[in-house]
Structure formats: C-alpha cells, structure tokens
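Enquirer: Sequence:
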Amino acid sequence: MSSKKKGLKLIAILEALKGFVALLVALSVHELAGKNIQKLLESFLGDLHLNPASYLPSLLIDKASYINNSNLTLITIGAVIYTLIRWVEAYGLWNELVWTEWFALISGGIYLPFEIYEVIVNTGPLTIMVLLINIGVVWYMYSLLRGKPSLA
1 MSSKKKGLKL IAILEALKGF VALLVALSVH ELAGKNIQKL LESFLGDLHL NPASYLPSLL
61 IDKASYINNS NLTLITIGAV IYTLIRWVEA YGLWNELVWT EWFALISGGI YLPFEIYEVI
121 VNTGPLTIMV LLINIGVVWY MYSLLRGKPS LA
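Heads up, the sequence shown is in the numbering used here, so the first residue is 1 and it goes up one at a time.
Just so you know, these hints were derived from the structure itself, not from any lab. We treat Cβ as the ideally placed atom computed from N, Cα and C, and that holds for glycine. Be careful, since some hints might not be right.
Unchecked claim - Quick list of in silico lysine-lysine cross-link-like pairs, BS3-like style, CA-CA up to 30 Å:
#	residue 1	residue 2
1	K35	K63
2	K5	K148
3	K18	K35
4	K4	K148
To be verified - Pair by pair, the computed Cβ-Cβ distance ranges are:
#	residue 1	residue 2	range
5	D62	G136	21 to 31 Å
6	S143	V88	21 to 31 Å
7	H49	L97	42 to 52 Å
8	I116	L17	16 to 26 Å
9	E31	G147	14 to 24 Å
Construct all of the structure, not just a fragment, from the sequences and the given hints.
Expert: In structure tokens, the structure reads:
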C-alpha cells in the first residue's frame, strides 16, 4: 500500500471516529430529554464528591436551568448531522474520492482559527494535541491535492 493510501486511510479512520463520538453525544443528549437536568447534575457532582455550592459547580447547575427539550432536540439533530458528514467524508477518503480530499482540506482549515484560539485561551495537552493533529491533516491534504486538478 502506498504512503498516499496509508495517509488517506488513517485520516478516514480519524473522521469515522469523530463521527462515532458525535453519535454517542447525540444518543446521550437524546437520553436526557424529559429529565430534570439540574437534579441529574447535582447528583453527578455529589458522586464526584464536589460541593454543589462552590463556584464552578453552582455555575454549571445554574446554566443547566436554561436547557430545555427544544435545545436538546436541536443539539441531537446537529450531532446526528455532524456524524453523517464525518462518515461520508471517511467513506470518501477511504475510497480516494477527490471531492472528499478537498472537503477534508477545507473543513480542517475552517477549524484551525478556533483551535489556535483555544490553545491560547486554554493551553493544555488536549488542546495542543488537537491543534497539531489538525495542522497535520490540513498539511497532508494540501500536499496531496497540490498537484491535482481542481474540481471544476
């Protein structure tokens, strides 16, 4: 297998995993519909032995009061759509469809400013790792597409 194919397959697996995580989020959020999220959160914080009256937990509990079933439905729909997009991209990259290579380049590039901002504001191993992975994907897709004709 050529290095080009290995790289595309690796990125396809990454995109499929992102879709799987988004699907788990969608199912989890859907499961919360109709439940008192504040009480669930208070119970969860208690299980973690955190004081619900301290600053961050109380802020989280307060913000949970703004979540309603309409918001949960929209979040679920958005997560399902994101899942489908990631899986279509993964399928296309796995099968070396040029339009998905362009899609991967553009969609990866769109996230870069937000990831850079996140590293500046909340520097940590996870934010740095996500940024470096995305820079690697964008660079790889750019170098792969540089010599190919455009979609037009």
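Enquirer: Under the criterion that the straight-line Cα-Cα distance not exceed 30 Å, is the pair K18, K35 satisfied?
Expert: With a Cα-Cα distance of about 27 Å, the restraint between K18 and K35 holds, given a limit of 30 Å.
Enquirer: Within a Cα-Cα threshold of 30 Å, do K4 and K148 meet the stated pairing?
Expert: Holds, at roughly 13 Å.
Enquirer: Starting from the range 21 to 31 Å, see whether the pair S143 and V88 falls in it by beta-carbon distance.
Expert: holds, 23 Å
Enquirer: Taking the Cβ atom of I116 and the Cβ atom of L17, is their distance within the range 16 to 26 Å?
Expert: holds, 23 Å
Enquirer: Could one say that the CB atoms of H49 and L97 fall in the range 42 to 52 Å?
Expert: For L97 against H49, whose Cβ atoms are near 50 Å apart, the range 42 to 52 Å holds.
Enquirer: Quick check on a hinted range of 21 to 31 Å for D62 and G136, using CB atoms only.
Expert: With a Cβ separation near 39 Å, D62 and G136 fall outside 21 to 31 Å, so the hint is violated.
Enquirer: Per the hint of 14 to 24 Å, is the separation of the Cβ atoms of E31 and G147 within bounds?
Expert: violated, 47 Å
Enquirer: Do the alpha carbons of K5 and K148 lie within 30 Å of each other, as the hint requires?
Expert: holds, 15 Å
Enquirer: Are the Cα atoms of K35 and K63 separated by 30 Å or less?
Expert: Holds: K35 and K63 sit about 15 Å apart, inside 30 Å.
The structure does not agree with the numbered hints 5 and 9 stated previously, though it agrees with the rest.
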